[in-house]
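**Q** The residues making up each chain are set out below.
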Amino acid sequence: MELKINTTDKIQIVTIEGDIDSSVASVVTDKIVPLATAKAKIIIDMTEVAYMSSAGLRTLLSIHRQATNNEAQLILVGISEDIKDTMSVTGFLNFFTISESLESAKGII
Amino acid sequence: MIEKLTVSATINSLKIITEYIVKVANLGGLDKKATYKLRLATDELATNIINYAYTENNGVGDILFESEISDEVIMIKIKDLGIPFDPTTKLETELKTINIPIEERKIGGLGIFLVFDGVDQFFYERIDNENISTLIIYRK
Chain A
-12 MELKINTTDK
-2 IQIVTIEGDI
8 DSSVASVVTD
18 KIVPLATAKA
28 KIIIDMTEVA
38 YMSSAGLRTL
48 LSIHRQATNN
58 EAQLILVGIS
68 EDIKDTMSVT
78 GFLNFFTISE
88 SLESAKGII
Chain V
0 MIEKLTVSAT
10 INSLKIITEY
20 IVKVANLGGL
30 DKKATYKLRL
40 ATDELATNII
50 NYAYTENNGV
60 GDILFESEIS
70 DEVIMIKIKD
80 LGIPFDPTTK
90 LETELKTINI
100 PIEERKIGGL
110 GIFLVFDGVD
120 QFFYERIDNE
130 NISTLIIYRK
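First to last, the sequence lines map onto chains A and V.
-12 is the number of the first residue of the first sequence in our numbering; add one for each residue after it.
0 is the number of the first residue of the second sequence in our numbering; add one for each residue after it.
A portion of the hints provided could be inaccurate.
Here are a few chain V residues that sit away from chain A, every Cβ distance over 12 angstroms (derived from the structure) [as the list claims (entries may be wrong)]:
(1) Lys3
(2) Thr9
(3) Asn50
(4) Gly58
(5) Glu71
(6) Lys78
(7) Ile82
(8) Pro83
(9) Phe84
(10) Ile111
(11) Phe112
(12) Phe122
(13) Tyr123
(14) Ile131
(15) Thr133
DSSO-like cross-link-like pairs, simulated, lysine-lysine; straight-line CA separation at most 27 angstroms [to be verified]:
(16) Lys(-9)(A) x Lys26(A)
(17) Lys78(V) x Lys18(A)
(18) Lys(-9)(A) x Lys3(V)
Honestly, the hints are just simulated from the structure, not real lab data.
Glycine is no exception: its CB is placed at the ideal position from the N, C-alpha and C atoms.
Turn these sequences into a full structure, and let the hints steer you where they fit.
**A** Right under this line is the structure:
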């Protein structure tokens, strides 16, 4: 798993590559949660994430909570069909803003 | 046909477990989506064993896998010699969690729900100091 953070036009773009399971989820949490400061704008690009377990759901919940508390905006990009399915059956999907591409996410944030 | 795997109950074993499960799924002719869900179910059970089963033994112990492919089903048994843990007891709590708005949820697991969601049948047994989880997937 690799994680990169780029900031352009006051938007923090996090790019994750690789599977998110219990061996890496806490690293992802620790790197992204601190980005959700007051009124922050965060896009998480998961185009290159093919797999995510419940450990990743926990990570998403922590990020969502911090973003809500700090009125930060959060958009997820490039969620695979399999991960969308996991988020849907666990009741996560409706609570996240999801965009098909990075460009469209930049347009709505 | 029976495929076996024994790994130490550490987080580094997840990769080997995934390779093993994908191999079994391919031998059983599962499609991409069924393979993904089986991998997820196995990962969740293995992660539970890694995190909790051997806490009384400084985390040291093994996870054993036995997979059998018949004409109708793929049957995977996941075994450990750790403290007794029946995953089915967690299901009710997790099912309730799913209907709570995520703002109000506790930061907790949904892994057992995903195990049940990912397979056609699941059952648990405790036999001679062993936890045995059995996952069954229909081959059609």
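**Q** If a hint holds in the structure, say so; if it doesn't, say that too.
**A** Hint check:
no. : hint                  : result
1   : Lys3                  : 23 angstroms, holds
2   : Thr9                  : 9 angstroms, violated
3   : Asn50                 : 8 angstroms, violated
4   : Gly58                 : 14 angstroms, holds
5   : Glu71                 : 25 angstroms, holds
6   : Lys78                 : 20 angstroms, holds
7   : Ile82                 : 19 angstroms, holds
8   : Pro83                 : 22 angstroms, holds
9   : Phe84                 : 16 angstroms, holds
10  : Ile111                : 9 angstroms, violated
11  : Phe112                : 7 angstroms, violated
12  : Phe122                : 20 angstroms, holds
13  : Tyr123                : 18 angstroms, holds
14  : Ile131                : 22 angstroms, holds
15  : Thr133                : 20 angstroms, holds
16  : Lys(-9)(A) x Lys26(A) : 21 angstroms, holds
17  : Lys78(V) x Lys18(A)   : 34 angstroms, violated
18  : Lys(-9)(A) x Lys3(V)  : 38 angstroms, violated
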